[in-house]
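A.B. asks: For the protein sequence lines, the chains are C and Z, in the order given.
Heads up: the first sequence at position 62 corresponds to 62 in full-length UniProt numbering, and the numbers run straight through without jumps.
Heads up: the second sequence at position 163 corresponds to 163 in full-length UniProt numbering, and the numbers run straight through without jumps.
Where hints are given, some of them may not hold.
Unchecked claim - Derived DSS-like pairs: lysine-lysine, alpha-carbon spacing no greater than 30 Å straight-line: (1) K2(Z) to K293(Z); (2) K125(Z) to K125(C); (3) K192(C) to K125(Z); (4) K192(C) to K2(C).
Unchecked claim - Some residues of chain C that are not near chain Z, with every Cβ distance over 12 Å (derived): (5) S28; (6) K192; (7) P222.
Unchecked claim - Quick partial rundown of chain C residues pointing at chain Z, CB under 7 Å, derived from the structure: (8) F115; (9) E181; (10) G320; (11) G464.
FYI, nobody ran anything at the bench for these hints, they're computed from the structure.
Quick reminder that beta carbons are idealized off the backbone N, C-alpha and C, glycines included.
Number of protein chains: 2
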Amino acid sequence: MKRYEALADDLARSIGTGVFRPGERLPSVRQTCAARRLSPSTVFQAYYLLEARGLIESRARSGYYVATQAPRMPPEPELPSWPDGDSREVDVSDLVFEVLQSAMHREVVPLGSAFPSPLLYPLDKLGRAVASAAHDLDPWSTVDDLTPGLGELRRQISQRYLMDGIDVPAEEIVITNGALEALNLSIAAVTKPGDSVLVESPCFYAVLQSIERNGLRALEVPTHPRDGVDLDALERAIVRHAPRACWLMPTFQNPLGATMPEPAKRALVTLLAAHGIALVEDDVYAELHFGPKRPPPAKAFDREGLVMHCSSFSKCLAPGYRIGWVAAGRFRETIARNKLTTTLNTNVPAQRAISRYLQRGGYDRHLRRLRATLAAQQERYLEAVGRFFPEGTRVTRASGGYFAWIELPEGADTLALQRQAVRMGISIAPGPIFSASRGFERCLRLNYGHPFDERAEDAMRTLGALASDQAVRG
Amino acid sequence: MKRYEALADDLARSIGTGVFRPGERLPSVRQTCAARRLSPSTVFQAYYLLEARGLIESRARSGYYVATQAPRMPPEPELPSWPDGDSREVDVSDLVFEVLQSAMHREVVPLGSAFPSPLLYPLDKLGRAVASAAHDLDPWSTVDDLTPGLGELRRQISQRYLMDGIDVPAEEIVITNGALEALNLSIAAVTKPGDSVLVESPCFYAVLQSIERNGLRALEVPTHPRDGVDLDALERAIVRHAPRACWLMPTFQNPLGATMPEPAKRALVTLLAAHGIALVEDDVYAELHFGPKRPPPAKAFDREGLVMHCSSFSKCLAPGYRIGWVAAGRFRETIARNKLTTTLNTNVPAQRAISRYLQRGGYDRHLRRLRATLAAQQERYLEAVGRFFPEGTRVTRASGGYFAWIELPEGADTLALQRQAVRMGISIAPGPIFSASRGFERCLRLNYGHPFDERAEDAMRTLGALASDQAVRG
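The shape of chain C in the complex, shown without the other chains:
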């Protein structure tokens, strides 16, 4: 990102969050130059960009003002009213694969993708770490460094937990082929076919696929678009259905972007512990916080070893390397054994490469840059929702990650929208793939992990027009 773009995004964020109000005068170009140590031409470019985006307007001989008709930021969705559900068998895989497959081409604008742009990652530096790790690979490490995984890497992960004030000894950690293997090993460690599992509604489709494959039953718990799973409903479901396990994303939830407030996370862990229910915690986006600190995981409040905290480097550092882990609590032995008998081990050179990269420093600098980029992109995509989508559209504004959840007005059908969009070279992730009961037909998940360039803007405009058509007809 160029300097003027970064400045424009900063200012846009300040406008979006109300630091500058509609009609208010912006600092002069000279003031901004001084405050930010930028050249006048950079500041002018930023202001021109904001003007072009309709966020500010210039008044002759007076300077720049926040537009009084500032781009409408759509409101956030609310917790839908929702009856307590039954546990149900899951049959969602066919639909998910159909949707995913339709979007697997580079030319398609990846608004429905599960991945952020791979260009956001230090693949060059990682490549050098791989080269150096492969160069002095101790041959015996290919035999010794079996599951639970490379000791040095587990120690480094443990240290990062500690920096966030969470006590997870390296011995508790099992390295896996990405977070997905960690999650699957975790749920398998505490369930057998026929058991019920509490999940968020909506939830990440891979959760539903895993439940389907393992012959489990899903208990969908209403989940607030900003604050995460509803604890009252969760407790009622526990009392009524005696589930074996709970599988949640308490931070930057996929697809909502919701984050449970810290007291709610604490209450969740206490509630589950009281009923002896294990928690599979998916926390893969934790490092992508836009605020100053990583929200603590539920694992931080775990006293009983009942929380299996799963994460990876795939979303924050090393896509394609497939290095994840689980801090497995009391299930560590079971999980390590199941890993040994299903995939045996995790790629040794990749483990060493990531360990070496972490050792050399630069990870936190990379993360700061990544977070700022995603936050700026969020701003611009949400602005585009406001500009292009029909009246009555709502959208979540997550405090981290790269997903927004869009709720279209009455009459919308995002499965139909998905089929139309694909024909126009745009992928979206329609609401029904995030639910065992095929709900959320008016919703879709938006990926803002790709640059908001002209192509993206065009795609958002097209999508908004298609959604408006549905709203008119509906």
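Following the hints, complete the assembly by docking chain Z onto the known chain C.
C.D. replies: Here is chain Z on its own, set in the frame of chain C:
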């Protein structure tokens, strides 16, 4: 290996297979120099070594002769008489983990290990391939090259099949985290809990662990130590128990080293097809043949797409890289989906590295060297069995791979032997870990994939002495 050692091993092999008979005169040093283009000192060193090993003896002014008391090569075991068994639940994991864990230290002599020496592999060259693959990694490939895996690598694997006369299109291949994931995905694709699966007896313990974890039942079929699974018994088991699937290693079977003759493989595929039973074929040692040609897999005779042929690069090229595959026949779609929802993908830089290594050539040269080394080591380890183990010991002589199956005389108890051996710094793999019914208490699997150095010789001597003690007491 030094030249004189290679020559000595060659000659030892010729003696072992009867090319030179006891009492027969060896070619003179001068003849051997000329024939092999070696220096006299190299040939002398080889002859001294063979003399020290008791294989040949010098006669003054006449030359070298094969020892008349040539080291006794123990006979091969026979198919044990064995009643047809019931299908049974499996509960072997605890024992397997106990045994494996006791041997996981570098100082332990790895006679019970499942891995050959990592020093046998071109890890340096692979490291350079990794470095170059990581250096020009297309960032988008981390998103695009999802399961079924890197197209170029699948094409190269398909070409290698074709070179062996087997038609497996690249589209049928799914890349996996090692062969173990391929095997687990394959068995899961064709069974549900409670189903029965035909397995060899003895069989690789990971098969039993997978069956146990998936809630399946094992139907153990008697298996000949040289010719593999008994087809008559297999057919009776099919008729009696209507199993869902069959999981076998028809080539260089682990732990026996057995290889089914080609007609038997053909008959196996026909028999299974007639009953609509899927075959999970584990063929990870195929490239380690000592004869001139790779024995064809059962997959070569598959007309119905019922054979899932699983293999990897872990045992023949790249230990620790965890790159395997399955040629999945008609189950390709199911397997690819299950892979997508369990581990999503396989390490992208490692796939590219192996693809690049294959492209550059040198793989076949490496394989020829590896096969020769393993064949020579087999000779020396089996000789040591003859020298050190008690009368009545039998041992298989596989035509490839790196496992021998030792049957000790009456009275032996290899679980007890394992505990004694570990205390003396030697690991062995006792027979009962290869059986759901805990049979084979007189047997053990010997790994000859490590150099027969002084440490190995001492270990074999110690093990032989411990076994002799048991035989005397028994």
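A.B. asks: Each hint needs a verdict: does it hold in this structure or not?
C.D. replies: Comparing the hints with the structure gives:
1. Our distance criterion of 30 Å between C-alpha atoms is met by K2(Z) and K293(Z), whose separation comes to about 26 Å.
2. Among the hinted pairs, K125(Z) with K125(C) is consistent with the structure: their alpha-carbon atoms are about 21 Å apart, no more than 30 Å.
3. Distance check on the hinted pair: K192(C) and K125(Z) sit about 45 Å apart at the alpha-carbon level, beyond 30 Å; violated.
4. A C-alpha spacing of about 53 Å is found between K192(C) and K2(C), which places the hinted pair above 30 Å, so the restraint is violated.
5. The beta carbon of S28(C) sits about 40 Å from the closest Cβ of chain Z, which is more than 12 Å, so the claim that it is off the interface holds.
6. For K192(C), the shortest C-beta to C-beta distance to chain Z comes to about 8 Å, within the 12 Å cut-off, and the non-interface label is violated.
7. The Cβ of P222(C) lies farther than 12 Å from every Cβ of chain Z, with a closest approach of about 25 Å, so its non-interface assignment holds.
8. Look at F115(C): its Cβ gets to within about 5 Å of chain Z, closer than 7 Å, so that hint holds up.
9. Among the interface hints, the one on E181(C) holds; its C-beta lies about 5 Å from the nearest C-beta in chain Z, closer than the 7 Å criterion.
10. With its C-beta approaching chain Z no nearer than about 3 Å, G320(C) sits inside the 7 Å limit, and its interface hint holds.
11. About 25 Å separates the beta-carbon of G464(C) from the nearest beta-carbon of chain Z, more than 7 Å, and the hint is not met.
Comparing the model with each numbered hint stated earlier shows that hints 3, 4, 6, 11 do not hold.
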